[in-house]
Every structure is written in structure tokens, then in C-alpha cells.
Amino acid sequence: MNLEEYKDLFNLNNKTYWPNLTVDCSIFGYNQEKLQLLLVKNKLVTSWCLPGGYVKKTETLDEAASRITAERTNIDSLFLKQFKTFADPGRNNAFGSVDPQKYLEILGVEINETFDFQKQAVSVGFYSISNIIKATPQIDILSDECKWFPIDELPSLGFDHDEMVKEALFTMRMHLFHFPVGKKFLPKKFTLKEIKQLYEVLSGKTLNATNFPNKLIKLNLIHKLDEKKSIGAHRSPTYYKFNDKVYNKALEEGLVLV
18 MNLEEYKDLF NLNNKTYWPN LTVDCSIFGY NQEKLQLLLV KNKLVTSWCL PGGYVKKTET
78 LDEAASRITA ERTNIDSLFL KQFKTFADPG RNNAFGSVDP QKYLEILGVE INETFDFQKQ
138 AVSVGFYSIS NIIKATPQID ILSDECKWFP IDELPSLGFD HDEMVKEALF TMRMHLFHFP
198 VGKKFLPKKF TLKEIKQLYE VLSGKTLNAT NFPNKLIKLN LIHKLDEKKS IGAHRSPTYY
258 KFNDKVYNKA LEEGLVLV
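The working numbering applies: residue 18 is where the sequence shown begins, and numbers increase by one.
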């Protein structure tokens, strides 16, 4: 959104965006060591928040979430799942959550105790998973910073975004073993150790070194290649590859990995 579109949100004749409908996106990042979360510091808001934005009247919720995640990560077509709608009364009460002076300076809107533009706003939560190496966090006209935080070192978030992150993390980890996501985070050929590490970082759990990969093989989700990874004097592990047909079907219909 540009500055004029933001200002137009307060106009009853606004034709572009729904004024009380937003999407907020918990964008998780994978970097082979620990799970991270992308947060934004908005010029108008007093705390760090999840990346989010208003929904255009011409787009679906999924399209809005896809647009916002692409704008913040500079990556198109991230894995996205809607997980919950947040609509408690007063959940987005602007008074006390934003900087009144900045609102007046930037948008020309006066904030006080009676200001109710955001009090009844409904937000639809989405989560996505991004490869940190490929992502380039982006600021926009109303933000100063956009950066990754380790999931166990998050600052206190604005509005009800702490609750959103908790719900998003729970849902992502529940979905993780039903919808395969590894294809975008692993090379075309990978070892069993590499795919196990991916799932351990995302799930926050230690997985059995034998049972977990054996389940992937039994489901025909991955298959063995006649090629080994050269790691010097040590034993060379075998490469594996995703079965594209089974993988794509599992993304649509789900499966049980554990």
C-alpha cells in the first residue's frame, strides 16, 4: 500500500480495501539451526508485530496473504495455510497500541480514547514457511524495520499478535507431519540426515534416526538414488529425492508422517 491508500482507509468512500478486514502472517524461517519468525516494526505502532495488511475488495484472503508474504520476503508462492480468525471485541484497540503523534503526522488522523477504527477489526491468521537464505526482508512506507527473530527470543508483540504466534506455531507443527514442506528447503538430492534435521528444526522435536526416514520411504514420499554424498574419509551417505507425484498429492490431500 502507498501512503495515499493508507489515508484513504479512513474515508467512508474507500473503494480499494476493506477497512476492518486484515490478514496477519506468521512467516517462519528455516536456516538449518533454529526456527525463526519474521517481524515488522511499524512507524505507527509501539511494538513489534507480525507482517500483515488490509484485504483488497478484489482479492481473496489467500491472495491477500500471498501478496503480503511476497512483499515482506521478496519470495513468491510461499507455502501458506490459514489457521484461525481473530475477532475478539477490542482486540485491535488502537488507543494505547499506536503512536498518536505519528498517526497525526503521517496519516493526518487524530487518535484518542473514542477512536474506534480498529476496535472491531477482524484478522485472518496465516502461517508460511520460508528459506531464510533466499528471503530478503522488506520494509515499506510505514515500517522502519523488518527482520528475523529466533522463535525462543521473540519480543513482546503488539495487539494480540503474541496469541497469533502461539496459535500459528501450534498449527504449523501439527500440520508439519501431514503436509510435506521439505521440497522448497532442501536441495534436489539430499541425505536422510538433512531431511531429518529440517523436520527437527521446524517441529522442535528430536526424531528417531531410523523410524522417521523409514516412514518417508514407506510412504513413497522420497526414494533412494544410486549416488552417494562424498564427505571425505567418513562413510558416504546415500542421496534421496522427493517423489514429485506423491509429494504434490500429499500437499493437497495430506498424509501422516509420524
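Since the hints were made in silico from the structure, they are not lab data.
It should be emphasised that the depicted structure is a prediction, and the values quoted were computed from it without experimental measurement.
Among the hints, erroneous ones may be present.
Straight line, CA to CA, 27 Å or less: simulated DSS-like cross-link-like pairs of lysine-lysine [unchecked claim]:
no.: 1; residue 1: 205; residue 2: 151
no.: 2; residue 1: 119; residue 2: 98
no.: 3; residue 1: 98; residue 2: 245
no.: 4; residue 1: 51; residue 2: 246
no.: 5; residue 1: 24; residue 2: 60
no.: 6; residue 1: 246; residue 2: 183
no.: 7; residue 1: 235; residue 2: 151
no.: 8; residue 1: 210; residue 2: 222
no.: 9; residue 1: 232; residue 2: 164
no.: 10; residue 1: 51; residue 2: 24
no.: 11; residue 1: 32; residue 2: 51
no.: 12; residue 1: 262; residue 2: 98
no.: 13; residue 1: 246; residue 2: 235
no.: 14; residue 1: 101; residue 2: 74
no.: 15; residue 1: 262; residue 2: 151
Between beta-carbon pairs, the in silico distance windows are [to be verified]:
no.: 16; residue 1: 234; residue 2: 31; range: 45 to 55 Å
no.: 17; residue 1: 190; residue 2: 139; range: 17 to 27 Å
no.: 18; residue 1: 164; residue 2: 31; range: 44 to 54 Å
Ideal Cβ placement from N, Cα and C applies to all residues, glycine included.
Hint check results:
1. 205 with 151: Holds. Residue 205 to residue 151 sits at ~16 Å (cutoff 27 Å).
2. 119 with 98: Outside the cut-off at roughly 33 Å; violated.
3. 98 with 245: violated, 35 Å
4. 51 with 246: Judged against 27 Å, a Cα distance of about 24 Å means the pair holds.
5. 24 with 60: holds, 15 Å
6. 246 with 183: Distance of about 38 Å is beyond 27 Å: violated.
7. 235 with 151: violated, 31 Å
8. 210 with 222: holds, 14 Å
9. 232 with 164: The hint is violated at about 36 Å.
10. 51 with 24: violated, 39 Å
11. 32 with 51: The given pair, whose Cα atoms are some 42 Å apart, is violated under the 27 Å limit.
12. 262 with 98: The hint holds at about 21 Å.
13. 246 with 235: holds, 22 Å
14. 101 with 74: This hinted pair holds, its Cα atoms lying about 20 Å apart.
15. 262 with 151: At roughly 25 Å apart (the allowed maximum being 27 Å), residue 151 and residue 262 satisfy the hint.
16. 234 with 31: 45 to 55 Å: holds, 54 Å
17. 190 with 139: 17 to 27 Å: The hinted range 17 to 27 Å holds for residue 190 and residue 139, with Cβ atoms some 25 Å apart.
18. 164 with 31: 44 to 54 Å: violated, 31 Å
Of the hints listed earlier, those the structure fails to meet are numbers 2, 3, 6, 7, 9, 10, 11 and 18, in rising order.
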